[in-house]
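Novice: Listed here are the chains, written in short residue letters.
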Amino acid sequence: DTEVTQTPKHLVMGMTNKKSLKCEQHMGHRAMYWYKQKAKKPPELMFVYSYEKLSINESVPSRFSPECPNSSLLNLHLHALQPEDSALYLCASSPRAGTGDGYTFGSGTRLTVV
Amino acid sequence: GESVGLHLPTLSVQEGDNSIINCAYSNSASDYFIWYKQESGKGPQFIIDIRSNMDKRQGQRVTVLLNKTVKHLSLQIAATQPGDSAVYFCAENYGGSQGNLIFGKGTKLSVKP
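The listed protein sequences derive, respectively, from chains A and B. Going left to right, the first sequence walks through residues 40 to 153 as the numbering used here numbers them. Going left to right, the second sequence walks through residues 118 to 230 as the numbering used here numbers them.
No lab work stands behind these hints, which were simulated from the structure alone. For glycine and all other residues, C-beta sits at the position ideal for the given N, C-alpha and C. Careful: at least some of the hints might be erroneous.
Stated by the list, open to error - Listed below are the simulated DSBU-like cross-link pairs for lysine-lysine, each with C-alpha atoms no more than 30 Å apart in a straight line:
#, chain 1, residue 1, chain 2, residue 2
1, A, Lys58, A, Lys79
2, B, Lys225, A, Lys61
3, A, Lys77, B, Lys225
4, B, Lys222, A, Lys61
5, B, Lys159, B, Lys222
6, A, Lys48, A, Lys79
7, A, Lys57, B, Lys159
8, A, Lys79, B, Lys185
9, A, Lys77, B, Lys159
10, A, Lys48, B, Lys225
11, A, Lys80, B, Lys225
12, A, Lys48, B, Lys159
13, A, Lys58, A, Lys48
14, B, Lys173, A, Lys80
15, B, Lys222, A, Lys77
16, A, Lys80, B, Lys159
17, A, Lys77, B, Lys188
18, B, Lys159, A, Lys58
19, A, Lys79, A, Lys57
20, A, Lys61, B, Lys159
21, B, Lys173, B, Lys159
22, B, Lys173, A, Lys79
23, B, Lys188, A, Lys79
24, A, Lys48, B, Lys222
25, B, Lys222, A, Lys80
26, B, Lys229, B, Lys173
27, B, Lys159, A, Lys92
28, A, Lys80, B, Lys188
29, A, Lys92, A, Lys57
30, A, Lys57, A, Lys77
Unchecked claim - Pulled a few chain A residues facing chain B out of the computed Cβ check, cut under 8 Å:
#, residue
31, Pro81
32, Pro82
33, Leu84
34, Leu129
35, Asp140
36, Gly147
Starting from the given sequences, assemble the full structure and let the hints guide the process.
Specialist: Written as structure tokens, this is what we have:
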């Protein structure tokens with residue numbers, strides 16, 4: 040299995056809702072990432088997990104809460120989001136953090152906050 | 118601001134022609150560079166990479182050139198096909214113990230049949 044699977048593919052949520060984005064990989068990668076991508080913009084790094092521990096938080100608001108239950112799974116918990124948080128949320132994994140190579144991206148979750 | 122940028126935001130080419138997409142980077146310590154292709158509704162897809170100890174690398178129909186003197190990266194696509202239409206991003210690895218991939222602004226390539 041050489042894929043990163045993200046669910047759901049599309050999500051519409053209200054500003055008072057709580058939802059979660061899920062990401063899964065079975066490549067034995069020990070680094071996992073969340074990126075946010077606005078329309079016509081490059082992906083922007085949000086979080087980095089290395090060996091299931093949060094190693095980088097790029098000053099992301101607390102309404103985004105990442106979780107790495109095990110080496111294959113990565114979640115992003117969403118609460119009290121704003122319309123400007125609407126974006127494509129991409130998950131990626133790589134064999135390990137620090138080298139930049141071997142990244143595999145999922146197809147993303149298209150999030151709309153209403 | 119971002120250290121990786123692209124000179125041309127859009128590029129339109131005729132099918133069969135060669136395409137050249139350019140990228141400038143500002144961090145001389147970056148040691149690894151990647152080109153990604155992103156089609157609508159999909160995540161970035163790896164095309165080709167190059168390490169800082171090289172100046173050229175070839176793949177199937179694609180070539181990446183790295184000029185460290187002027188901090189410039191380019192992607193050449195030979196015999197461009199309609200399936201090559203997408204947004205292309207360059208990314209650099211800042212290095213260090215964490216290693217973040219920083220993406221450039223992207224170039225939209227449109228191939229006319």
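Novice: For each hint, tell me whether it holds in the structure or not.
Specialist: Tested hints:
1. As the CA atoms of lysine 58 of chain A and lysine 79 of chain A are separated by approximately 25 Å, the hinted pair is consistent with the 30 Å bound.
2. Distance check on the hinted pair: lysine 225 of chain B and lysine 61 of chain A sit about 29 Å apart at the alpha-carbon level, within 30 Å; holds.
3. The hinted pair formed by lysine 77 of chain A and lysine 225 of chain B meets the criterion: a straight-line CA distance of about 15 Å does not exceed 30 Å.
4. The suggested pairing of lysine 222 of chain B with lysine 61 of chain A holds, with an alpha-carbon distance near 27 Å, which does not exceed 30 Å.
5. A threshold of 30 Å between alpha carbons decides the hint, and for lysine 159 of chain B with lysine 222 of chain B the separation of about 17 Å falls inside it, so the pair holds.
6. Distance restraint check for lysine 48 of chain A and lysine 79 of chain A: the Cα-Cα separation of roughly 19 Å lies within the 30 Å cut-off, and the hinted pair is therefore satisfied.
7. For the hint linking lysine 57 of chain A to lysine 159 of chain B, the alpha-carbon distance of about 25 Å falls within 30 Å, and the restraint holds.
8. Of the pairs offered as hints, the one joining lysine 79 of chain A and lysine 185 of chain B holds, with about 28 Å between alpha carbons and a cut-off of 30 Å not exceeded.
9. In summary, the hint linking lysine 77 of chain A to lysine 159 of chain B is supported, as the alpha carbons are separated by about 13 Å, within the 30 Å threshold.
10. The straight-line distance between the Cα atoms of lysine 48 of chain A and lysine 225 of chain B is roughly 23 Å, inside the 30 Å bound, and the hint therefore holds.
11. Distance check on the hinted pair: lysine 80 of chain A and lysine 225 of chain B sit about 11 Å apart at the alpha-carbon level, within 30 Å; holds.
12. For the hint linking lysine 48 of chain A to lysine 159 of chain B, the alpha-carbon distance of about 10 Å falls within 30 Å, and the restraint holds.
13. Under the criterion of a C-alpha separation no larger than 30 Å, the hint pairing lysine 58 of chain A with lysine 48 of chain A is consistent with the structure, at around 13 Å.
14. Between the alpha carbons of lysine 173 of chain B and lysine 80 of chain A the distance comes to roughly 27 Å, so the proposed pair stays at or under 30 Å and holds.
15. With a CA separation close to 11 Å, the supplied pair lysine 222 of chain B and lysine 77 of chain A stays within the 30 Å bound.
16. For the hint linking lysine 80 of chain A to lysine 159 of chain B, the alpha-carbon distance of about 14 Å falls within 30 Å, and the restraint holds.
17. With a C-alpha separation of about 27 Å, the suggested pairing of lysine 77 of chain A with lysine 188 of chain B holds against the 30 Å cut-off.
18. With a CA separation close to 22 Å, the supplied pair lysine 159 of chain B and lysine 58 of chain A stays within the 30 Å bound.
19. Proposed proximity of lysine 79 of chain A and lysine 57 of chain A is supported: the alpha carbons are some 27 Å apart, at most 30 Å.
20. Between lysine 61 of chain A and lysine 159 of chain B, the direct Cα distance comes to roughly 16 Å. Compliance with the 30 Å bound is thereby established for this hinted pair.
21. In summary, the hint linking lysine 173 of chain B to lysine 159 of chain B is supported, as the alpha carbons are separated by about 28 Å, within the 30 Å threshold.
22. Note on lysine 173 of chain B and lysine 79 of chain A: the hinted pairing holds, with a Cα-Cα distance of about 29 Å set against a maximum of 30 Å.
23. A C-alpha spacing of about 24 Å is found between lysine 188 of chain B and lysine 79 of chain A, which places the hinted pair at or below 30 Å, so the restraint holds.
24. Among the hinted pairs, lysine 48 of chain A with lysine 222 of chain B is consistent with the structure: their alpha-carbon atoms are about 24 Å apart, no more than 30 Å.
25. Taken as a hint, the lysine 222 of chain B and lysine 80 of chain A pair is honoured in the structure, with Cα atoms around 6 Å apart against an allowance of 30 Å.
26. The suggested pairing of lysine 229 of chain B with lysine 173 of chain B holds, with an alpha-carbon distance near 28 Å, which does not exceed 30 Å.
27. At roughly 27 Å between alpha-carbon atoms, lysine 159 of chain B and lysine 92 of chain A fall within 30 Å of each other, so this suggested pair holds.
28. For the hint pairing lysine 80 of chain A with lysine 188 of chain B, the CA-to-CA distance comes to about 22 Å; that is within 30 Å, so the pair holds.
29. Restraint check: the Cα-Cα separation between lysine 92 of chain A and lysine 57 of chain A comes to about 23 Å, which is no more than 30 Å; the hinted pair holds.
30. The hinted pair formed by lysine 57 of chain A and lysine 77 of chain A meets the criterion: a straight-line CA distance of about 21 Å does not exceed 30 Å.
31. Nearest Cβ of chain B to the Cβ of proline 81 of chain A: about 4 Å, under the 8 Å cut. The hint holds.
32. Hint on proline 82 of chain A holds. Least Cβ distance to chain B is approximately 5 Å, under the 8 Å limit.
33. About 6 Å separates the beta-carbon of leucine 84 of chain A from the nearest beta-carbon of chain B, less than 8 Å, and the hint is met.
34. Interface hint at leucine 129 of chain A: satisfied, since its Cβ lies 5 Å from the closest Cβ of chain B, which is below the 8 Å cut-off.
35. Look at aspartate 140 of chain A: its Cβ gets to within about 6 Å of chain B, closer than 8 Å, so that hint holds up.
36. Hint status for glycine 147 of chain A: holds, given a least beta-carbon distance of 5 Å to chain B, under 8 Å.
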